[in-house]
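**Q** So the protein lines, in turn, are chains A and B.
Position 262 (the first sequence) corresponds to 266 in our numbering; numbering is contiguous.
Position 356 (the second sequence) corresponds to 625 in our numbering; numbering is contiguous.
Quick caveat, the hints were computed from the structure, so don't treat them as lab data.
Some hints could be false.
Said to hold, decoys possible - Straight-line alpha carbon distances no greater than 27 Å define the calculated BS3-like cross-link-like pairs of lysine-lysine that follow:
hint, chain 1, residue 1, chain 2, residue 2
1, A, Lys398, B, Lys502
2, B, Lys502, B, Lys570
3, A, Lys468, A, Lys409
4, B, Lys570, A, Lys391
5, B, Lys524, B, Lys502
6, A, Lys222, A, Lys468
7, B, Lys524, A, Lys391
8, A, Lys409, A, Lys398
9, A, Lys210, A, Lys222
10, A, Lys222, A, Lys248
11, A, Lys391, A, Lys409
12, A, Lys210, B, Lys570
13, A, Lys228, A, Lys210
14, B, Lys502, A, Lys248
15, A, Lys228, A, Lys248
To be verified - Here are a few chain B residues that sit away from chain A, every Cβ distance over 12 Å (derived from the structure):
hint, residue
16, Phe395
17, Val402
18, Gly466
Claimed, not checked - Taking CB as the label site, the calculated pair distances span:
hint, chain 1, residue 1, chain 2, residue 2, range
19, A, Ser348, B, Val409, 19 to 25 Å
20, A, His163, B, Ser599, 54 to 60 Å
21, A, Glu208, B, Val292, 45 to 51 Å
22, A, Thr249, B, Val613, 33 to 39 Å
23, A, Arg36, B, Leu291, 36 to 42 Å
24, B, Leu423, A, Arg36, 56 to 62 Å
25, A, Arg36, B, Val288, 30 to 36 Å
26, A, Arg89, B, Arg620, 37 to 43 Å
27, A, Thr521, B, Leu487, 55 to 61 Å
28, A, Glu162, B, Val409, 52 to 58 Å
29, A, Gly417, B, Val409, 42 to 48 Å
Fair warning: this is a prediction, and the values are worked out from it, not measured in the lab.
Glycine included, C-beta positions come from ideal geometry on N, C-alpha and C.
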Amino acid sequence: MAAPGVTGGSPGVGAPAQGAPYAVELRGITKRFPGVVANRNIELRVRRGEVHAIVGENGAGKSTLMKTLYGMHRPDEGTILLDGREVTFRSPADAIDAGIGMVHQHFMLADNFTVLENIVLGSEPTRGGRLDLAEGRRRIREISERYALDLDPDELVEHLGVGDRQRVEIAKVLYRGATTLILDEPTAVLVPQEVDELFGNLAELKREGLTVIFISHKLDEVRKVADSITVIRRGTTVGEADPKTTTARQLAEMMVGSELPSPETRTSTVRDVVVLELRGVTVATPGGRPAVDDVSFAVREGEVVGIAGVEGNGQAELVDAVMGLRPLAAGSVLLGDQDITAWSTRARREAAFGFIPEDRHRQGMLLEGTLWENRILGHQTRPPAAKGWFIDRKAARADTERIMKDYDVRAPGPDTLAVALSGGNQQKLIVGREMESSPRLLVAAHPTRGVDVGAQAAIWELLKDARAEGMAILLISADLDELIGLSDTLHVMLRGRLVATLDPGSCTPEQLGGHMTGAHGTAGAA
Amino acid sequence: MNLLRRLGPALLAPVLAVVVALVISSAVMAALAVNPFDVFGVMLDFGATPIQQVTAMVVIVNRAIPLFLAGLAVAIAFRMGLFNIGVEGQYRLATIVAAAVGAAVSLPAPLHIGLIVVVAVVVAAFWAGIVAVLKVTRGVSEVLSSILLNFIALVTASYLLTGPFRGSLPGASIISTAEIPASGQMPGLNGIFDVFGLANPPRQLYGFLLVAAVVGILIAVLLNRTRFGFDLKASGMSPSAASASGVNARSMVIKTMLLSGAVAGLIGLPDLLGNTHKYTTDFTAGLGFLGIAVALLGRNKPLGIAFAALLFAFLDRSLVPLQIANYPSSVVTIVQGTIVLAVVVANEIARRVARRSAAGGTAAPADGPASGDGSTGVVPTPPPGSTDQRQGAQA
Chain A
5 MAAPGVTGGS
15 PGVGAPAQGA
25 PYAVELRGIT
35 KRFPGVVANR
45 NIELRVRRGE
55 VHAIVGENGA
65 GKSTLMKTLY
75 GMHRPDEGTI
85 LLDGREVTFR
95 SPADAIDAGI
105 GMVHQHFMLA
115 DNFTVLENIV
125 LGSEPTRGGR
135 LDLAEGRRRI
145 REISERYALD
155 LDPDELVEHL
165 GVGDRQRVEI
175 AKVLYRGATT
185 LILDEPTAVL
195 VPQEVDELFG
205 NLAELKREGL
215 TVIFISHKLD
225 EVRKVADSIT
235 VIRRGTTVGE
245 ADPKTTTARQ
255 LAEMMVGSEL
265 PSPETRTSTV
275 RDVVVLELRG
285 VTVATPGGRP
295 AVDDVSFAVR
305 EGEVVGIAGV
315 EGNGQAELVD
325 AVMGLRPLAA
335 GSVLLGDQDI
345 TAWSTRARRE
355 AAFGFIPEDR
365 HRQGMLLEGT
375 LWENRILGHQ
385 TRPPAAKGWF
395 IDRKAARADT
405 ERIMKDYDVR
415 APGPDTLAVA
425 LSGGNQQKLI
435 VGREMESSPR
445 LLVAAHPTRG
455 VDVGAQAAIW
465 ELLKDARAEG
475 MAILLISADL
485 DELIGLSDTL
495 HVMLRGRLVA
505 TLDPGSCTPE
515 QLGGHMTGAH
525 GTAGAA
Chain B
270 MNLLRRLGPA
280 LLAPVLAVVV
290 ALVISSAVMA
300 ALAVNPFDVF
310 GVMLDFGATP
320 IQQVTAMVVI
330 VNRAIPLFLA
340 GLAVAIAFRM
350 GLFNIGVEGQ
360 YRLATIVAAA
370 VGAAVSLPAP
380 LHIGLIVVVA
390 VVVAAFWAGI
400 VAVLKVTRGV
410 SEVLSSILLN
420 FIALVTASYL
430 LTGPFRGSLP
440 GASIISTAEI
450 PASGQMPGLN
460 GIFDVFGLAN
470 PPRQLYGFLL
480 VAAVVGILIA
490 VLLNRTRFGF
500 DLKASGMSPS
510 AASASGVNAR
520 SMVIKTMLLS
530 GAVAGLIGLP
540 DLLGNTHKYT
550 TDFTAGLGFL
560 GIAVALLGRN
570 KPLGIAFAAL
580 LFAFLDRSLV
590 PLQIANYPSS
600 VVTIVQGTIV
610 LAVVVANEIA
620 RRVARRSAAG
630 GTAAPADGPA
640 SGDGSTGVVP
650 TPPPGSTDQR
660 QGAQA
């Protein structure tokens, strides 16, 4: 376990050796919720002017900790010190006054407002009681220049790309005078090139003496950008690590406390039997370019076909088309040699389809339902859920308990509400229930999105085992390592079309990213 | 402990709502210079003699039966997030057609009653089915279409009553359909008072009570124990997740509205079969709208609806005694109105409390910073279609 460059979690007292107090120091923070201790004895020390990464599994307590620091709730024990002074936050407003700003993972911007309007919203500059946009514009220009954010205050947000929007969010926090920025999984929505830009911005912030707390579970990125790293496991800090001397693997092992597998699958298990075939599938959008445009490919037994692409290029519509959730404008879907274009979603599910949806809260779960209800969701017409026209509650509960055990879903019991589970545990339940029905085809859309390293590894293992047993898997993902590691065949989707077919054995994330953004043109198009 | 924890949130909201409603209506009464305690005294006074007391209870139960069925009809649709505001029109139209058919035929007793029930159910389901078809084919909001169909149903019922189905003599003060013959009348249940040694009042306890109880149990089983019920519940909780699980949203809308309408068709029958034996101009109105309140108060659960119906029936019974005691009978309407208002608020509060305690006290980002506090939050909820893995991530 002990890795080079890793210091133990022993609490240091007071200020760093140089004498300047820490920008942010948390001492012995404990936060309990009914029935669980979300944070236990957290020790965190962040120096002024550094990028400090906090890594840990989802459900490890990162978000609870950040909410404590951002004043969204108060800790039961422990103290928060800013620049050596003890502070108490009653609300986020207090935290903002103290110079702490939060950039949420999901952008909270109004599309039909300009950059300027979005940034000043909530703290509008006024002169004589009237909105003073000129002053706001001046300050935003100043911020943009100072931190090289490259923002045009009068651009409409709807015209901006993901990376630009993120910079608007950062500017918004800076506009409110933040000196310590919390970035919650900021790279989850970015392609590699955008990640590099973000890191450039962070360097600017650091140069100007600001402090950045960077939450992530992408360890390579963390090592690239952070000056120091604090690892959280099961609600408590397990230690600090120096990114220069610690490998990603060592970090990951600190996070989960065990050794990890990788997504790579080595030997090919592809058989000849075609399970799913798409022929010229086109999905129309009301007035406009088709969302999916003349897409054809096949998935064979024992094969993982990966679909790469920047989000919003038709992958979601493609998944809907395969699952029968969206009508086709043209083309056909075949299961084996049977045309199933006209089949309902239920017929497809009953026949052979497993489905791990992209957005588990929207399509995969009944958040206000119990775990056993979620276990049978999508399988409510088959045993063990159904007994004739009736739902067999007893069998469903028993089977839920079994899945919870086999797939390591951590929850009190089958009658727990799904909303009470962490994202990783929700996803494990979904993966478990879909695997248990032994589908011939598994449509897995972002199967490890937002789950921790441990769950991610477990899900990868399951997909690999299923592939080895002959399951056909259609994998849609934004995680390029996952796509390259798991896929036997890799298609790139851009503006609704398959623009390239790559060999996952020989392509790098950078090459793949280039194809996804269209930078490589259509070289090697399918 | 376990039972209390399970029932706690379920009971909290309605009890809170009723208490708040009593406080508010007391304040209104006080403002009108009426002593609220005197009014409540009158409401609780069931009479001096045993026969009066039993009569009062029969009145309450007889009133509760149609209210229960109305609440049930509304709740079935509510469960999948459909608002069947059209229960009023559905049962009125169903009752007059059933009354006319019942008066026109002559059959052996059980068959005769059965035919009347079937006609009422079919007519109301048909009327509700129009709403469903409009929704799935043309995307018309069921709220709009069912309200508008209410007007059409009421006008149609008036036309039928004064025109083709008229059974009363010309010039009669109350226009009615012809009377259903004895074979189509449902006997009362007053025998049970003798069994329990209670005073047997002249007023008949509706035999339809048994039908309502059976319907209530069947609906409870259907909603909670069957695949159909699961699909319905899933559709109500998350239409997108239900579709992804293979539920056909369109056919669910149609099935649910037909079922809701079918139950709505029964609402007028307790009075028709047990008391009036004909549809008249002054036939009980407004049950469809009260049904919405009853369903809300009963939290869409058959047992809860039964209690809510009894409460509303209790309030309705006090209308006459209040007038006799020279108090404004609108007190009852005020109480009922404030209950509805309070229950909507209380349900939402209870839902949040339950959700928050389930989420291990984890405030979702949406509950945390409101816009304007200087956080980056402008839109309080994450955009649809995004995966909010942070929500409830700590438990």
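**Q** Indicate, hint by hint, whether the structure satisfies it.
**A** Hint check results:
no., hint, verdict
1, A:Lys398 <-> B:Lys502, "holds (18 Å)"
2, B:Lys502 <-> B:Lys570, "holds (12 Å)"
3, A:Lys468 <-> A:Lys409, "holds (20 Å)"
4, B:Lys570 <-> A:Lys391, "holds (23 Å)"
5, B:Lys524 <-> B:Lys502, "holds (13 Å)"
6, A:Lys222 <-> A:Lys468, "holds (21 Å)"
7, B:Lys524 <-> A:Lys391, "holds (21 Å)"
8, A:Lys409 <-> A:Lys398, "holds (17 Å)"
9, A:Lys210 <-> A:Lys222, "holds (21 Å)"
10, A:Lys222 <-> A:Lys248, "holds (16 Å)"
11, A:Lys391 <-> A:Lys409, "holds (24 Å)"
12, A:Lys210 <-> B:Lys570, "violated (58 Å)"
13, A:Lys228 <-> A:Lys210, "holds (14 Å)"
14, B:Lys502 <-> A:Lys248, "violated (53 Å)"
15, A:Lys228 <-> A:Lys248, "holds (9 Å)"
16, Phe395, "holds (24 Å)"
17, Val402, "holds (19 Å)"
18, Gly466, "holds (41 Å)"
19, A:Ser348 <-> B:Val409: 19 to 25 Å, "holds (24 Å)"
20, A:His163 <-> B:Ser599: 54 to 60 Å, "holds (58 Å)"
21, A:Glu208 <-> B:Val292: 45 to 51 Å, "violated (59 Å)"
22, A:Thr249 <-> B:Val613: 33 to 39 Å, "violated (60 Å)"
23, A:Arg36 <-> B:Leu291: 36 to 42 Å, "holds (37 Å)"
24, B:Leu423 <-> A:Arg36: 56 to 62 Å, "holds (58 Å)"
25, A:Arg36 <-> B:Val288: 30 to 36 Å, "holds (32 Å)"
26, A:Arg89 <-> B:Arg620: 37 to 43 Å, "holds (41 Å)"
27, A:Thr521 <-> B:Leu487: 55 to 61 Å, "holds (59 Å)"
28, A:Glu162 <-> B:Val409: 52 to 58 Å, "violated (31 Å)"
29, A:Gly417 <-> B:Val409: 42 to 48 Å, "holds (43 Å)"
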